[in-house]
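S.K.: As a plain string of letters, each chain reads:
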Amino acid sequence: MAEPAPDVVGPIVLDADDLNRVLTRISHEIIESSKGADDVIILGIPTRGAILARRIAKRVGEAAGRTIPVGSLDVTMYRDDLSMRPTRALGHTDIPASGVDGRTVVLVDDVLFSGRTVRAALDAINDIGRPKAVRLAVIVDRGHRELPIRADHVGKNLPTHLGESVRMKLTEIDGVDEIVLVREGEVQA
Amino acid sequence: MIKHLLSATDLNREDAVLVLDTAAEMATLTNRSVKKLPALRGRTVVNLFFEDSTRTRISFEAAAKRLSADVINFSAKGSSVSKGETLKDTALTLQAMGADAVVIRHGSSGAPHRLASPGWIDGAVVNAGDGTHEHPTQALLDAYTIRRHLRNGHGDLSGLRVTIVGDVLHSRVARSNVHLLDTLGAKVTLVAPPTLFPVGVQDWPATVSYDLDSALPDADAVMMLRVQRERMNAAFFPSAREYSRRYGLDDRRMALVPDHGIVLHPGPMNRGMEIGDSVADHDRSVIVEQVANGVSVRMAVLYLLIGGARPDQPVAELT
Amino acid sequence: MSVIAVGTQYLLRGARPLGAEPVDMLIRDERIADITEPGAIGGSDDVIEIDATDLIALPGLVDLHTHLREPGREDAETVKTGCAAAALGGFTAVHAMANTDPVADTAGVVEQVFRLGQEAGYCDVHPVGAVTVGLAGKQLAELGAMADSAARVRIFSDDGKCVHDAQLMRRALEYVKAFDGVIAQHAQEPRLTEGAQMNEGAVSAVLGLQGWPAVAEEAIIARDVLLTEHVGSQLHVCHVSTAGSVDIIRRAKERNIAVTAEVTPHHLLLTDDLATGYDPVFKVNPPLRTKADVMALREGLADGTIDIVATDHAPHTAEDKDCEWDAAAFGMLGLPTALSVVVQTMMGSNEGPAGLDWAAVADRLSIAPARIGRLPDHGRPIAVGEPANFTLIDPGATWVVDPKNFPGPSRNSPYTGRTLPTKVVATFLRGVPTVLDGQLQW
Numbered sequence: 001m002a003e004p005a006p007d008v009v010g011p012i013v014l015d016a017d018d019l020n021r022v023l024t025r026i027s028h029e030i031i032e033s034s035k036g037a038d039d040v041i042i043l044g045i046p047t048r049g050a051i052l053a054r055r056i057a058k059r060v061g062e063a064a065g066r067t068i069p070v071g072s073l074d075v076t077m078y079r080d081d082l083s084m085r086p087t088r089a090l091g092h093t094d095i096p097a098s099g100v101d102g103r104t105v106v107l108v109d110d111v112l113f114s115g116r117t118v119r120a121a122l123d124a125i126n127d128i129g130r131p132k133a134v135r136l137a138v139i140v141d142r143g144h145r146e147l148p149i150r151a152d153h154v155g156k157n158l159p160t161h162l163g164e165s166v167r168m169k170l171t172e173i174d175g176v177d178e179i180v181l182v183r184e185g186e187v188q189a
Numbered sequence: 190m191i192k193h194l195l196s197a198t199d200l201n202r203e204d205a206v207l208v209l210d211t212a213a214e215m216a217t218l219t220n221r222s223v224k225k226l227p228a229l230r231g232r233t234v235v236n237l238f239f240e241d242s243t244r245t246r247i248s249f250e251a252a253a254k255r256l257s258a259d260v261i262n263f264s265a266k267g268s269s270v271s272k273g274e275t276l277k278d279t280a281l282t283l284q285a286m287g288a289d290a291v292v293i294r295h296g297s298s299g300a301p302h303r304l305a306s307p308g309w310i311d312g313a314v315v316n317a318g319d320g321t322h323e324h325p326t327q328a329l330l331d332a333y334t335i336r337r338h339l340r341n342g343h344g345d346l347s348g349l350r351v352t353i354v355g356d357v358l359h360s361r362v363a364r365s366n367v368h369l370l371d372t373l374g375a376k377v378t379l380v381a382p383p384t385l386f387p388v389g390v391q392d393w394p395a396t397v398s399y400d401l402d403s404a405l406p407d408a409d410a411v412m413m414l415r416v417q418r419e420r421m422n423a424a425f426f427p428s429a430r431e432y433s434r435r436y437g438l439d440d441r442r443m444a445l446v447p448d449h450g451i452v453l454h455p456g457p458m459n460r461g462m463e464i465g466d467s468v469a470d471h472d473r474s475v476i477v478e479q480v481a482n483g484v485s486v487r488m489a490v491l492y493l494l495i496g497g498a499r500p501d502q503p504v505a506e507l508t
Numbered sequence: 509m510s511v512i513a514v515g516t517q518y519l520l521r522g523a524r525p526l527g528a529e530p531v532d533m534l535i536r537d538e539r540i541a542d543i544t545e546p547g548a549i550g551g552s553d554d555v556i557e558i559d560a561t562d563l564i565a566l567p568g569l570v571d572l573h574t575h576l577r578e579p580g581r582e583d584a585e586t587v588k589t590g591c592a593a594a595a596l597g598g599f600t601a602v603h604a605m606a607n608t609d610p611v612a613d614t615a616g617v618v619e620q621v622f623r624l625g626q627e628a629g630y631c632d633v634h635p636v637g638a639v640t641v642g643l644a645g646k647q648l649a650e651l652g653a654m655a656d657s658a659a660r661v662r663i664f665s666d667d668g669k670c671v672h673d674a675q676l677m678r679r680a681l682e683y684v685k686a687f688d689g690v691i692a693q694h695a696q697e698p699r700l701t702e703g704a705q706m707n708e709g710a711v712s713a714v715l716g717l718q719g720w721p722a723v724a725e726e727a728i729i730a731r732d733v734l735l736t737e738h739v740g741s742q743l744h745v746c747h748v749s750t751a752g753s754v755d756i757i758r759r760a761k762e763r764n765i766a767v768t769a770e771v772t773p774h775h776l777l778l779t780d781d782l783a784t785g786y787d788p789v790f791k792v793n794p795p796l797r798t799k800a801d802v803m804a805l806r807e808g809l810a811d812g813t814i815d816i817v818a819t820d821h822a823p824h825t826a827e828d829k830d831c832e833w834d835a836a837a838f839g840m841l842g843l844p845t846a847l848s849v850v851v852q853t854m855m856g857s858n859e860g861p862a863g864l865d866w867a868a869v870a871d872r873l874s875i876a877p878a879r880i881g882r883l884p885d886h887g888r889p890i891a892v893g894e895p896a897n898f899t900l901i902d903p904g905a906t907w908v909v910d911p912k913n914f915p916g917p918s919r920n921s922p923y924t925g926r927t928l929p930t931k932v933v934a935t936f937l938r939g940v941p942t943v944l945d946g947q948l949q950w
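Heads up: the protein sequence lines correspond to chains A, B and C, in order. Once you know that position 182 of the first sequence is 182 in my numbering, the rest is easy, because the numbers rise by one and skip nothing. Once you know that position 209 of the second sequence is 398 in my numbering, the rest is easy, because the numbers rise by one and skip nothing. Once you know that position 29 of the third sequence is 537 in my numbering, the rest is easy, because the numbers rise by one and skip nothing.
A portion of the hints provided could be inaccurate.
[What the hints assert, rightly or not] Covered by chain B, according to a simulated footprint, are these stretches of chain A (three or more residues, beta-carbon under 8 Å): (1) 77 to 85; (2) 127 to 140.
[Stated by the list, open to error] Pairs of lysine to aspartate or glutamate residues, derived as DMTMM-like cross-links and limited to a Cα-Cα distance of at most 25 Å, are as follows: (3) B:LYS224 - A:GLU62; (4) B:LYS224 - A:ASP94; (5) B:LYS254 - A:ASP94.
[To be verified] Quick list of simulated restraints, FRET-style, between CB atoms: (6) B:LEU281 - A:PRO86: 23 to 31 Å; (7) C:THR516 - B:GLY296: 53 to 61 Å; (8) A:GLY185 - B:LEU281: 55 to 63 Å; (9) B:ARG221 - A:ALA133: 14 to 22 Å; (10) C:ASP910 - B:GLY342: 21 to 29 Å; (11) A:LEU162 - C:GLU827: 57 to 65 Å; (12) B:ASP439 - A:ASN126: 48 to 56 Å.
Don't read these hints as lab results, they were simulated from the structure. Even glycine gets a Cβ: it sits at the ideal position worked out from N, Cα and C.
Chain A on its own, in the form it takes in the complex (with noise of 0.2 Å):
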């Protein structure tokens, strides 16, 4: 029977130091387009965007002088594929009390490829309430779009082959600030 080859874990894209320049970086870029950040509610989409959201709500906040409402937004059930695959496990949804209604909402994901994920995340946008104004902040754009969809505020653009994934590892959940680049092990005949 064929296995499956290891994956090969290629080099480091972004390190702790740079992940942290990225962040700081894409925090002052949204407080410029926002004109001081009066409006704006950040929502990141589970698991590594809503934590990526939280860090980047804290550098706004501190800049700015105050809090910014900052929650997470699955968009599991608004999916295009959900029926191509076993039932996924949703993840958690927490939408500030202030709401999404009037507000300029920046979306914050770790990786943007194939624009579905933030195609979704607009679907569900729309249910929720309507925003003046929706941005989004991602920490790599790898290429590859199959839907008119781009970044506003982009950490790192890295071009990759489709046989790659980006692999990025946080602090909370992974004990480590880490971004790598994965070739996908092939099936061997």
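With chain A held as given, fit chains B and C onto it using these hints.
M.R.: Chains B and C alone, transformed into the frame defined by chain A:
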């Protein structure tokens, strides 16, 4: 995930907690302006109710519709079933209609199992109450309610003590609850007159008691079961008055329940029989909330059972 | 379909009567004409030879308890198809229970069933007469008329229902003394079993199915053996199913009370946990019980407390079984599988009492039932001059149960898909083969 939900024993601890966690996510839906999720769009859910039960049927209907499923209601009265069509022929009709899930309530224990047997229907079968056997979604919503109040809505029910009072012999709610509460780590005490316990209850993971007063001071949650007055005609107890006096949860007994203790009831209540009026409306009665929780729990069950690939679909590669 | 000429002779080579040394048997004019050492009789043109090497010869099996469903439920079974099943199972005589439609409570109905049996020709049919009119338990049926009829009824039973009225049971026990009759009781106290679906115990508690407590059977048996003793009559207990019942019968026999008892093959093998899954093929009355009951029944059959095995063959249509448990009819097919199940459970099995040998199997399945049924031509020794009613079986063979292969329209066998030991190869009724090579002869 399991294919059918026929009995509370179909769920291990992990599955049960997953259902409760999923229900918690579904519950946040009620705060939205658009109370709909697209997860079951294009799926067909059939409510096959051979027994009258408006409340449970509406609960399942709301759950299915909030997940954007198409719902078909089939009740026994005035249908081909009341004209003598067999369960099997009804099943074949449903199969031809392409039902993804069939929610069935039937007066015979084991009817959902027949429906789920090979050659009957392909869809998922959800037991909404079969005879005196089980009512798994009721137990799930009871556990969800208890967890919300006594465990902050997280994890399982380890260490909690639940007292269930009433007609255990004829109660599908009791059977499902005994199984599920045990799976979730709670300790169960059953209270009833000796005539209302089944022979064989000593093998169940629960303590059996004939004395309600002594079972209340240790109860974190008290669940009162509906007791039919008519049972006295088959000599299960001498009179409704005596039953109520010895096994009813009245104000005096409510005072024996610990301060944090909650009171549950699957409904419909026989006010004055198994539960006093003021107890039913008490601060610590969660009976009304149970109904709302029922919708979230049933949404979770439907989503977990049929929200993913159909069994015959090939699994496609994803980006 | 071959026409069997009257007077055809058969020579069976190498058969082993009751498992003893091989012999050749010559069958002529409805009797066993000769038994010799193998090879002692030469072949001849007008004698059909049958190779019976390594086959055991047993007296034709006699079933004291069968449901042939005709008249009334021919959609489930007819006398013809039921008797065909009996012959395939090695039986040469069956007693047809009275719960037909109309009930066999008059000379007219029992004679009709008797005649249908003769026409079919696969085995002898002895109708059982009802004890009470319409099985209603209120008034004695004309037991004397049935005894005097062409069917010569000797066994009377309301089987399906219990003769629960103590006074009526007493009268019935007394009345049949006049013609050497036997009351065969279906022991089930009705008030303790209202709506009952399966054995009352740990399994029924979990499944939420109404229980049928063992005491409902035992209480009636206890009462009936005492009544029998008091009036000096004879009692037969149908389908004993509990350890407690075996105990009561054992003690009654110790007091020399004239009681006989039967057990079904399924109660020797199957237990109530099979109801889990709610497949009504396992729904039967009396219900399947616990392992402890099964062991006590095996012991009782081994030590003779239980005299015979009787099938309680109960065919049902698909509509009556392919539904939810509550709505399903009670009963299992039993004729084609009876011998195999007895061999599996009682001959040298790993659990339970020391095994029966072939002589004991012959006793429980043929000799004793013939005696209780008062059948002079069945259950006879395999000896020269005896009526040629016997069966040849292959003890080493195994077969997979598939009800589609049984005669008759019903498919409700609880052994579907199981591999069982021992095959019936041939059955002879008064010197005429009804089954050869495992196939019906017409």
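S.K.: Give a verdict on every hint.
M.R.: For each hint, the structure was consulted:
1. 77 to 85: With 7 residues in contact (Cβ-Cβ under 8 Å with chain B), the coverage given for the stretch 77 to 85 of chain A holds.
2. 127 to 140: holds (count 3)
3. B:LYS224 - A:GLU62: violated (35 Å)
4. B:LYS224 - A:ASP94: holds (16 Å)
5. B:LYS254 - A:ASP94: holds (23 Å)
6. B:LEU281 - A:PRO86: 23 to 31 Å: holds (28 Å)
7. C:THR516 - B:GLY296: 53 to 61 Å: holds (59 Å)
8. A:GLY185 - B:LEU281: 55 to 63 Å: About 47 Å separates the Cβ atoms of GLY185 of chain A and LEU281 of chain B, which means 55 to 63 Å is violated.
9. B:ARG221 - A:ALA133: 14 to 22 Å: For ALA133 of chain A against ARG221 of chain B, whose Cβ atoms are near 20 Å apart, the range 14 to 22 Å holds.
10. C:ASP910 - B:GLY342: 21 to 29 Å: Between ASP910 of chain C and GLY342 of chain B, where Cβ atoms are some 54 Å apart, the hint is violated.
11. A:LEU162 - C:GLU827: 57 to 65 Å: For LEU162 of chain A and GLU827 of chain C the Cβ distance comes to about 58 Å; the hint holds.
12. B:ASP439 - A:ASN126: 48 to 56 Å: Given range 48 to 56 Å: holds, Cβ gap about 51 Å.
Comparing the model with each numbered hint stated earlier shows that hints 3, 8, 10 do not hold.
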